[in-house]
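Chemist: Given next are the chains, with one letter for each unit.
2 protein chains.
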Amino acid sequence: MARIDFQTDPSRYRHWKLQFDGPVAHLIMDVDPAGGLFEGYELKLNSYDLGVDIELADAVQRLRFEHPEVGAVVLRSGKENVFCAGANIRMLAGASHGHKVNFCKFTNETRCAIEDATENSGQTWICAISGPAAGGGYELALATDRILLIDDRRSSVALPETPLLAVLPGTGGLTRVTDKRRVRRDLADLFCSTEEGVRGRRAVEWRLVDEAVPPSAWEARLRERALEAAARSDRPRDARGVALTPLARRFEEGGVFYGHVALEFDRGAGRAILTVAAPPGPPPATLEAARDAAFWPLQMARELDDAILHLRLNEPELGLLVLRTQGEAAHVLAHDAFLEAHGGDWFIREVRLHLKRVLKRLDMTSRSLIALAEPGSCFAGTLAELAFAADRSAMLIGARAGDNRPAATLRLSALNFGAYPMANGLTRLQARFWGEKESLARAEARIGEPIGAEEAETLGLVTFALDETDWDDELRIMLEERASFSPDALTAMEANLRFVGPETMETRIFGRLTAWQNWIFQRPNAVGERGALRLYGSGVQPSYDKQRV
Amino acid sequence: MARIDFQTDPSRYRHWKLQFDGPVAHLIMDVDPAGGLFEGYELKLNSYDLGVDIELADAVQRLRFEHPEVGAVVLRSGKENVFCAGANIRMLAGASHGHKVNFCKFTNETRCAIEDATENSGQTWICAISGPAAGGGYELALATDRILLIDDRRSSVALPETPLLAVLPGTGGLTRVTDKRRVRRDLADLFCSTEEGVRGRRAVEWRLVDEAVPPSAWEARLRERALEAAARSDRPRDARGVALTPLARRFEEGGVFYGHVALEFDRGAGRAILTVAAPPGPPPATLEAARDAAFWPLQMARELDDAILHLRLNEPELGLLVLRTQGEAAHVLAHDAFLEAHGGDWFIREVRLHLKRVLKRLDMTSRSLIALAEPGSCFAGTLAELAFAADRSAMLIGARAGDNRPAATLRLSALNFGAYPMANGLTRLQARFWGEKESLARAEARIGEPIGAEEAETLGLVTFALDETDWDDELRIMLEERASFSPDALTAMEANLRFVGPETMETRIFGRLTAWQNWIFQRPNAVGERGALRLYGSGVQPSYDKQRV
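Protein chains in written order, with our numbering: chain G, 1 to 549; chain Y, 1 to 549.
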């Protein structure tokens with residue numbers, strides 16, 4: 001299968017148009033039916049596949065970095081008769097289980113990125129629904145802060161997945177309806193089992209949308225709402241945006257290589273090795289000089305994001321991801337200090353938020369994550385989050401014989417204590433020391449200091465400290481053993497153990513909702529020869545096994 | 001298949017022994033290998049199937065009601081060489097998907113009932129592990145308040161499901177390890193991928209157990225811990241227990257009939273109709289007179305529980321459960337007032353806690369729940385919870401022509417506002433009005449008053465108020481439509497919509513963990529011809545599809 005590429009830019013969009021009007025941007029969905037990522041389906045009625053969502057994710061990202069002047073984004077349809085019909089059914093019906101699951105995961109992450117922009121970037125998303133918004137179409141609207149529905153008898157919102165396709169509205173729909181929009185549960189039940197959806201005033205009464213607007217007032221109201229939102233924004237109107245220039249990447253047989261990130265493949269062992277390099281030097285002298293796609297934290301985050309997505313979609317058989325770092329910890333910490341000192345700046349805020357999202361993407365990646373800290377490594381500050389995201393971590397005690405690189409140390413920065421919350425709202429260290437306030441305080445007291453392997457183990461910051469004699473043997477056995485387990489059991493085990501404690505709407509979407517949807521995606525009533533997803537559009541009625549489980 | 005019966009009593013136990021020593025009870029697991037519920041497997045090494053767990057659930061229940069003098073329960077093994085090997089693998093390998101799911105659900109509910117006894121009934125459970133406690137064996141221990149492990153080199157705790165069987169420790173294990181015992185996530189990862197488990201001091205260091213006790217001190221330490229726990233109990237030492245006498249039931253072709261509860265089957269329509277009758281009269285004059293298995297709230301709760309379990313396990317094709325009530329609302333409310341007035345009494349507390357658990361069982365039941373309030377019904381106080389547990393509810397406006405029963409009204413009691421929290425810690429009305437404090441306050445202001453159909457709809461207490469002309473037609477269409485949907489999609493949709501807002505360890509177990517386990521129970525790597533669960537014990541190595549999804 002052709003490689004799925006997550007890099008794009010507006011000049012290459014086939015499905016979206018961006019228009020700018022001072023502090024308001026309009027993102028117009030106008031899917032090219034012939035532009036599907038794979039063969040065998042047409043993207044009719046603004047339905048989408050992963051390719052459409054890759055462009056959307058790119059737009060969300062560029063609006064933040066390239067358009068500081070934009071305080072509100074209006075999401076709308078470029079088609080006359082439809083807002084969006086949701087995920088393309090024929091694509092879903094023909095996709096492998098793994099593709100379906102990863103498609104939903106990515107689309108969920110994109111919708112969370114839209115919410116993150118609204119909540120944290122001063123860029124409020126507003127949805128303008130004209131024409132039917134069904135399934136994933138309405139779920140896209142649910143990710144925005146305010147939903148306007150044109151009250152014209154043909155425009156409606158619907159989550160018809162259960163009656164029509166025997167699956168769930170799995171891109172957050174069930175969760176956002178009850179938890180974000182606070183639709184009463186019985187009304188939500190009614191709504192989610194009604195194929196034709198809900199229009200006009202009833203949609204407002206049930207809280208499915210915020211306003212139903214008469215056609216005559218539509219454009220004026222939209223403009224008004226967008227300008228109101230933009231007026232609340234703290235983004236600078238006159239700043240220069242930072243262009244997200246194309247990533248320099250090299251795809252080779254043995255891996256993908258970026259400026260600061262390398263993703264190498266060991267196919268025989270079923271593993272990938274991700275190495276993140278420290279910045280080559282100290283941070284720029286001024287904030288102005290930092291405003292560039294080459295600013296290390298930004299470039300590294302973008303490369304890491306691309307590498308994770310490449311691994312997820314294009315390398316499903318590499319079940320283990322070894323996390324490594326290399327370079328000068330001091331340079332990492334100096335960059336952290338820079339990010340900390342300028343946290344109030346719009347661009348630095350975006351860099352930090354992007355790092356947060358990339359680290360969340362790592363948390364949500366269904367591969368066993370093993371961090372290895374060896375001489376010459378730099379698990380410091382932001383890069384130490386890689387070790388804290390790992391299912392296990394090991395640190396080599398001291399230097400290696402005949403190797404003049406310094407012994408591995410771990411260093412903490414202020415950013416480890418709040419900048420990068422996980423989906424559950426906890427920092428990775430809070431999650432690690434859940435219920436152990438003293439351990440957390442002990443770690444915090446050591447900010448900035450180099451912590452050797454044995455001490456890191458004592459402090460609970462790594463799983464193992466091993467000396468050189470044990471390192472090679474024990475790690476080999478550990479990695480081989482891990483690779484011998486059932487990938488499914490590991491995926492589910494990791495999805496449970498990684499998220500301790502509190503739950504948020506986001507973890508509910510990635511936990512309860514997604515896990516149930518993945519179950520459905522295995523059930524004959526949906527995906528079997530006579531299942532609804534398979535038969536949709538064929539004219540043949542699905543035939544269900546009526547047993548409840 | 002033979003009917004699975006959830007009623008038993010100690011005289012019929014094949015797998016457990018109860019011993020009493022003043023304020024301490026000992027519950028001894030001594031599984032009869034030949035006592036499996038089905039053919040085809042032997043319950044070796046104290047492994048269990050649903051039959052074993054039905055006896056356990058019965059014991060948990062009887063200890064609360066029949067033994068007010070017991071303040072501590074010590075759970076231990078009656079076998080020399082093993083504590084408990086967990087769920088029987090051959091049983092699991094041979095069971096249908098539906099049986100596996102329902103088996104896990106019931107065992108999870110039993111473990112939650114153990115925690116409920118510790119937290120709310122003054123009956124603290126302590127686990128004494130001697131010999132290996134593996135998988136479900138250790139998960140049973142995790143449900144207790146304190147785990148003692150004999151430090152004898154052969155006793156250990158383990159969750160070997162992932163490496164050994166390619167499934168999860170799905171009876172709460174993954175969740176309780178991180179969230180209840182606060183085992184650090186990387187140590188939990190290590191523990192859950194180690195077949196042989198952990199012993200002695202390391203088990204204490206990792207918080208897997210509370211103490212590792214030398215064999216010489218074992219019995220004395222156990223006794224000490226049990227007496228300490230019993231001393232903290234507020235249960236009365238000299239009260240008379242209330243015997244849980246056998247339920248009078250009639251199994252007929254058309255349903256199961258109890259004293260206050262009827263479960264009728266409409267197989268053609270794929271539905272069951274559950275009718276709960278109000279008490280025939282006012283509550284007893286005195287607390288002493290109430291202490292009897294015939295006390296309406298207790299008998300009704302036990303009957304309702306049995307009916308729900310019968311439906312779950314023995315009638316999988318009835319996907320719709322219609323909830324009805326009939327009788328005098330005044331008698332229900334008088335009983336609620338009695339339960340409210342005597343909430344401090346140990347027996348009344350048990351009755352209320354049992355009602356809470358039965359209503360939770362209903363919430364967790366994977367059937368569409370539709371409450372219908374017609375003339376002569378009594379959705380009042382405790383019985384109104386049935387309507388609030390429903391996915392939808394409908395109420396008939398006014399009386400029926402030619403029917404002299406009074407029009408349906410809904411009445412609230414104080415018990416609707418705190419006595420029966422759901423698994424997420426919210427009352428059903430709080431969940432219903434999540435984010436709508438005013439609606440909740442408006443309902444609370446109406447405690448005791450009869451609320452007619454139209455007003456109930458306006459207050460948001462029911463989904464629909466329908467007049468007689470619409471009632472028959474609209475309901476017929478609604479029920480037929482519901483029955484035509486995919487049972488799987490409905491199960492998953494309901495599991496999401498029923499639980500809004502906060503999450504607890506319990507909802508995480510029934511949500512995230514269970515949903516992932518149900519997914520695993522569909523995956524070829526576990527249940528396929530060459531899957532680990534199927535091949536376990538055969539000597540043939542499983543062969544895994546290495547793709548991560």
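Simulated from the structure, these hints should not be mistaken for laboratory data. Honestly, I wouldn't trust all of these hints.
Okay, the calculated beta carbon distance ranges per label pair [unchecked claim]:
no., chain 1, residue 1, chain 2, residue 2, range
1, Y, Arg-202, G, Glu-481, 41 to 49 Å
2, Y, Gly-539, G, Ala-399, 20 to 28 Å
3, G, Glu-481, Y, Arg-201, 17 to 25 Å
4, G, Ala-289, Y, Gly-425, 30 to 38 Å
Under the rule of at most 25 Å between Cα atoms (straight-line distance), these lysine to any residue pairs were calculated in the SDA-like manner [said to hold, decoys possible]:
no., chain 1, residue 1, chain 2, residue 2
5, G, Lys-180, Y, Glu-457
6, G, Lys-437, Y, Trp-206
7, Y, Lys-546, G, His-97
8, G, Lys-546, Y, Glu-264
9, G, Lys-437, Y, Lys-437
10, Y, Lys-546, G, Lys-180
11, Y, Lys-437, G, Lys-546
12, Y, Lys-44, Y, Asp-32
Counterexamples of contact, computed for chain G against chain Y with all Cβ distances above 12 Å [unchecked claim]:
no., residue
13, Arg-153
14, His-260
15, Asp-306
16, Pro-316
17, Leu-321
18, Pro-375
19, Ala-414
20, Gly-452
21, Ala-489
22, Ala-492
23, Leu-513
24, Pro-524
25, Ala-526
26, Arg-548
Since the model is a prediction, treat every value here as computed from it, not as a measurement. Note that CB positions come from ideal geometry on N, CA and C, so glycine has one too.
Chemist: Does each hint hold? Answer for all of them.
Modeler: Quick rundown of the hints versus the structure:
{"no.": "1", "hint": "Y:Arg-202 / G:Glu-481: 41 to 49 Å", "in the structure": "violated (19 Å)"}
{"no.": "2", "hint": "Y:Gly-539 / G:Ala-399: 20 to 28 Å", "in the structure": "violated (47 Å)"}
{"no.": "3", "hint": "G:Glu-481 / Y:Arg-201: 17 to 25 Å", "in the structure": "holds (24 Å)"}
{"no.": "4", "hint": "G:Ala-289 / Y:Gly-425: 30 to 38 Å", "in the structure": "violated (51 Å)"}
{"no.": "5", "hint": "G:Lys-180 / Y:Glu-457", "in the structure": "holds (23 Å)"}
{"no.": "6", "hint": "G:Lys-437 / Y:Trp-206", "in the structure": "holds (16 Å)"}
{"no.": "7", "hint": "Y:Lys-546 / G:His-97", "in the structure": "holds (13 Å)"}
{"no.": "8", "hint": "G:Lys-546 / Y:Glu-264", "in the structure": "holds (18 Å)"}
{"no.": "9", "hint": "G:Lys-437 / Y:Lys-437", "in the structure": "violated (34 Å)"}
{"no.": "10", "hint": "Y:Lys-546 / G:Lys-180", "in the structure": "violated (37 Å)"}
{"no.": "11", "hint": "Y:Lys-437 / G:Lys-546", "in the structure": "violated (39 Å)"}
{"no.": "12", "hint": "Y:Lys-44 / Y:Asp-32", "in the structure": "holds (8 Å)"}
{"no.": "13", "hint": "Arg-153", "in the structure": "holds (23 Å)"}
{"no.": "14", "hint": "His-260", "in the structure": "holds (25 Å)"}
{"no.": "15", "hint": "Asp-306", "in the structure": "holds (18 Å)"}
{"no.": "16", "hint": "Pro-316", "in the structure": "violated (4 Å)"}
{"no.": "17", "hint": "Leu-321", "in the structure": "violated (10 Å)"}
{"no.": "18", "hint": "Pro-375", "in the structure": "holds (22 Å)"}
{"no.": "19", "hint": "Ala-414", "in the structure": "holds (23 Å)"}
{"no.": "20", "hint": "Gly-452", "in the structure": "holds (18 Å)"}
{"no.": "21", "hint": "Ala-489", "in the structure": "violated (4 Å)"}
{"no.": "22", "hint": "Ala-492", "in the structure": "violated (4 Å)"}
{"no.": "23", "hint": "Leu-513", "in the structure": "violated (6 Å)"}
{"no.": "24", "hint": "Pro-524", "in the structure": "violated (9 Å)"}
{"no.": "25", "hint": "Ala-526", "in the structure": "violated (7 Å)"}
{"no.": "26", "hint": "Arg-548", "in the structure": "violated (5 Å)"}
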